[in-house]
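2 protein chains.
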Amino acid sequence: MKGINMIQLAKELGLSVSTVSKALGDSHEISSTTKKRVMELAKKYNYKPNPFASNLRKKKGKQIAVIIPDIVNNFFALAVDGIESVTMAKHYDTFIYLTHENLEREKSVLEHLENGLISGLIISVCTGREGYGHFQQFYESARLPMVFFDRVPDLLQFPKVISNNYESTFESTERLIKAGSKRPLFIQTEEPLYTLMERRRGFQDALVANGISFTDESLITCSENMEDNYLLLKKLFSSRKRPDGIFAPIEKFAITVYQVCRDLKLNIPKDLKVIGMTNLRTAALLNPSLSTLSQPAFDMGREAATLLLKMIEKKSYAAANDIIVLANELTIRDSV
Amino acid sequence: MKGINMIQLAKELGLSVSTVSKALGDSHEISSTTKKRVMELAKKYNYKPNPFASNLRKKKGKQIAVIIPDIVNNFFALAVDGIESVTMAKHYDTFIYLTHENLEREKSVLEHLENGLISGLIISVCTGREGYGHFQQFYESARLPMVFFDRVPDLLQFPKVISNNYESTFESTERLIKAGSKRPLFIQTEEPLYTLMERRRGFQDALVANGISFTDESLITCSENMEDNYLLLKKLFSSRKRPDGIFAPIEKFAITVYQVCRDLKLNIPKDLKVIGMTNLRTAALLNPSLSTLSQPAFDMGREAATLLLKMIEKKSYAAANDIIVLANELTIRDSV
DNA sequence: ACGTTTTACGAAAACGTTATAGCAAAAATT
DNA sequence: AATTTTTGCTATAACGTTTTCGTAAAACGT
Numbered sequence: 101m102k103g104i105n106m107i108q109l110a111k112e113l114g115l116s117v118s119t120v121s122k123a124l125g126d127s128h129e130i131s132s133t134t135k136k137r138v139m140e141l142a143k144k145y146n147y148k149p150n151p152f153a154s155n156l157r158k159k160k161g162k163q164i165a166v167i168i169p170d171i172v173n174n175f176f177a178l179a180v181d182g183i184e185s186v187t188m189a190k191h192y193d194t195f196i197y198l199t200h201e202n203l204e205r206e207k208s209v210l211e212h213l214e215n216g217l218i219s220g221l222i223i224s225v226c227t228g229r230e231g232y233g234h235f236q237q238f239y240e241s242a243r244l245p246m247v248f249f250d251r252v253p254d255l256l257q258f259p260k261v262i263s264n265n266y267e268s269t270f271e272s273t274e275r276l277i278k279a280g281s282k283r284p285l286f287i288q289t290e291e292p293l294y295t296l297m298e299r300r301r302g303f304q305d306a307l308v309a310n311g312i313s314f315t316d317e318s319l320i321t322c323s324e325n326m327e328d329n330y331l332l333l334k335k336l337f338s339s340r341k342r343p344d345g346i347f348a349p350i351e352k353f354a355i356t357v358y359q360v361c362r363d364l365k366l367n368i369p370k371d372l373k374v375i376g377m378t379n380l381r382t383a384a385l386l387n388p389s390l391s392t393l394s395q396p397a398f399d400m401g402r403e404a405a406t407l408l409l410k411m412i413e414k415k416s417y418a419a420a421n422d423i424i425v426l427a428n429e430l431t432i433r434d435s436v
Numbered sequence: 101m102k103g104i105n106m107i108q109l110a111k112e113l114g115l116s117v118s119t120v121s122k123a124l125g126d127s128h129e130i131s132s133t134t135k136k137r138v139m140e141l142a143k144k145y146n147y148k149p150n151p152f153a154s155n156l157r158k159k160k161g162k163q164i165a166v167i168i169p170d171i172v173n174n175f176f177a178l179a180v181d182g183i184e185s186v187t188m189a190k191h192y193d194t195f196i197y198l199t200h201e202n203l204e205r206e207k208s209v210l211e212h213l214e215n216g217l218i219s220g221l222i223i224s225v226c227t228g229r230e231g232y233g234h235f236q237q238f239y240e241s242a243r244l245p246m247v248f249f250d251r252v253p254d255l256l257q258f259p260k261v262i263s264n265n266y267e268s269t270f271e272s273t274e275r276l277i278k279a280g281s282k283r284p285l286f287i288q289t290e291e292p293l294y295t296l297m298e299r300r301r302g303f304q305d306a307l308v309a310n311g312i313s314f315t316d317e318s319l320i321t322c323s324e325n326m327e328d329n330y331l332l333l334k335k336l337f338s339s340r341k342r343p344d345g346i347f348a349p350i351e352k353f354a355i356t357v358y359q360v361c362r363d364l365k366l367n368i369p370k371d372l373k374v375i376g377m378t379n380l381r382t383a384a385l386l387n388p389s390l391s392t393l394s395q396p397a398f399d400m401g402r403e404a405a406t407l408l409l410k411m412i413e414k415k416s417y418a419a420a421n422d423i424i425v426l427a428n429e430l431t432i433r434d435s436v
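In order, the protein sequences belong to chains A and B.
Heads up, the first sequence is in this note's numbering, so the first residue is 101 and it goes up one at a time.
Heads up, the second sequence is in this note's numbering, so the first residue is 101 and it goes up one at a time.
Check before you lean on any hint, since a few could be wrong.
To give an idea of the chain B side of the interface with chain A (calculated C-beta under 10 Å), a few residues [claimed, not checked]:
#1 LYS148
#2 SER154
#3 ASN155
#4 VAL166
#5 VAL172
#6 ASN173
#7 ASN174
#8 VAL180
#9 LEU203
#10 LYS207
#11 ILE218
#12 CYS226
#13 ALA242
#14 LEU366
#15 ASN379
#16 ARG381
FYI, nobody ran anything at the bench for these hints, they're computed from the structure.
We put the CB at the ideal spot given by N, CA and C, even for glycine.
Sequences and hints are given; from them, build the entire structure.
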């Protein structure tokens with residue numbers, strides 16, 4: 101921070117600090133000739149206003165935060181890419197915080213951000229049944245614009261960016277059935293978030309709409325522990341009443357299904373048709389190529405960021421409780 | 101930012117602002133009873149010091165930046181994960197900037213960061229032949245601790261975190277040869293960075309060490325345009341003198357190789373043995389499972405961040421021109 | 001020519017901290 | 001008992017901006 105400051109600029113120009121400040125802010129109070137003089141000297145010295153001083157005085161800055169469960173996941177990586185494309189263009193700085201599905205971490209990040217470091221917040225919540233009181237609480241005290249995406253809480257007052265989980269899962273499930281699956285299976289989690297609930301609803305309704313009864317055997321509950329899941333699925337797939345179709349609403353479940361099938365020498369798609377929700381770029385290169393329902397991750401990030409910045413700049417965040425819904429994309433490959 | 105501030109705290113406690121500040125900073129000048137009183141009231145009101153004011157006064161903050169080419173790439177995602185694990189633990193905030201292999205963007209990010217927003221910088225440079233003058237220049241004027249990782253410039257004065265590219269590529273190439281490859285091929289880029297050069301050197305030396313002559317035909321040059329690369333490789337693989345082994349030093353090249361083989365109905369590993377440098381989690385599920393040389397991405401991020409924070413806190417960044425070398429991991433699967 | 005408005009700038013007060021210097025009172029040293 | 005030193009606190013000046021208010025001079029209107 102060896103840089104020059106306004107005071108030195110002002111001195112060299114024979115102007116007051118306030119004039120320099122206004123000139124750099126392109127204020128109408130300053131004559132265009134003075135503005136030009138100021139701008140030129142600023143450029144000559146490569147002057148950059150100190151953001152701390154500026155933010156302190158203005159009581160706000162151009163920094164936002166992104167809180168997501170994980171970055172080693174194509175979906176979130178793409179979303180961050182989308183977010184960054186907007187913030188970069190609008191000259192905002194983007195903080196990133198990873199919760200690793202840990203509620204305590206999510207809470208502590210929020211608590212930390214109450215210090216006023218940021219002007220807005222983009223969030224995809226981590227799993228857990230404990231509700232969303234901490235977001236409510238954060239909002240009460242910080243009063244900052246917040247946008248949720250994909251993994252959204254059921255708090256009405258916040259704007260959200262999601263994808264058409266119900267419809268696209270319905271469609272995907274129908275494809276499984278049309279391809280010949282009589283006993284499709286949906287893999288759910290222990291504490292399903294809204295997003296997952298929607299997918300399950302789509303699955304269930306597709307079964308019913310196609311004359312297949314939805315029973316306990318249409319669902320299996322997997323956990324965060326992948327080894328447990330592997331064993332659980334292996335046991336199920338070895339049983340007499342094994343499913344002949346799978347909708348995996350989470351990437352890692354789809355991968356586990358593949359691993360189990362490989363180890364049990366089950367043939368995909370003959371023995372088991374598989375559709376997985378994932379943004380894996382290598383889905384087409386798996387053995388066999390995986391049919392995917394992929395989310396418009398980049399676009400979701402882009403929309404969320406665009407909305408957030410709009411809220412920040414218009415200060416109309418109280419009203420902006422929109423829900424933006426984008427379409428997932430179904431790609432049928434050899435696994436069906 | 102509805103929060104309470106020090107002045108109000110001081111007033112309620114009947115103390116001066118400086119006493120409160122020192123008490124919160126756990127200064128030895130303040131008695132432990134007063135400290136306790138202050139801390140308790142601060143906690144009661146959930147007081148958080150304003151980072152802008154604090155940073156302004158102290159002329160530094162707890163924010164760092166990460167500049168990487170891409171986040172939609174398992175390697176960089178893992179590295180960011182590693183970085184964040186450190187910054188989170190030490191209560192630093194992490195900005196993220198993506199260059200998308202665009203030198204202009206890299207430059208403009210650097211220029212932006214000259215405003216003093218951050219206290220340190222972790223970088224993996226983008227490709228391009230234009231040299232690294234902008235980093236030098238940034239350092240001259242900002243004087244901030246900087247750590248490079250993986251894609252490092254050949255500027256001596258900066259500390260770097262890399263992996264043993266030469267040795268591990270040498271070993272990988274030997275495995276290709278031992279598995280029967282007589283004509284191994286290395287895919288290089290148009291403007292190889294230091295990292296890639298090291299890998300090529302390892303490849304070349306492995307050939308020579310195993311009695312295979314290193315010729316023009318041991319190399320092929322691919323570009324950023326994946327479609328061009330696809331056609332180029334397809335043509336080569338269709339020719340009489342096609343290679344029977346491939347070392348792909350970049351993830352996307354390995355994927356393209358798989359695509360070409362699939363389309364040409366070439367059998368991996370019979371017709372072509374493949375080792376790819378990648379951190380893809382799905383490598384084992386590809387058809388056939390891909391042998392990988394993977395980088396310790398998370399650890400590299402962690403080391404880089406640890407080093408950077410040490411430099412920031414010790415202010416000894418002038419001296420810290422270490423190079424930390426971590427080991428890549430070779431996993432042989434069905435593709436060899 | 002006189003009053004009024006506009007233009008273009010400057011002085012000074014924030015913004016919320018931290019660091020420096022000062023100063024009584026208490027404790028320790030002679 | 002007289003001194004030095006330590007303890008525990010306060011007053012105040014930064015840090016580098018932005019913003020509010022004030023005010024000459026210039027421009028305008030009649």
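For each hint, the structure was consulted:
1. LYS148: holds (4 Å)
2. SER154: Hint on SER154(B): holds, closest Cβ of chain A at ~8 Å, below 10 Å.
3. ASN155: holds (4 Å)
4. VAL166: It holds, given that the least Cβ distance between VAL166(B) and chain A is near 8 Å, below 10 Å.
5. VAL172: At 5 Å from the nearest chain A Cβ, VAL172(B) passes the 10 Å test, so the hint holds.
6. ASN173: holds (8 Å)
7. ASN174: holds (7 Å)
8. VAL180: holds (5 Å)
9. LEU203: violated (15 Å)
10. LYS207: Cβ of LYS207(B) sits 13 Å from chain A, so the hint is violated.
11. ILE218: holds (9 Å)
12. CYS226: violated (14 Å)
13. ALA242: Hint on ALA242(B): holds, closest Cβ of chain A at ~7 Å, below 10 Å.
14. LEU366: Not OK, violated: LEU366(B) not within 10 Å of chain A, min 14 Å.
15. ASN379: holds (9 Å)
16. ARG381: holds (7 Å)
When the structure is compared with the earlier hints, violations turn up for hints 9, 10, 12, 14 and for no others.
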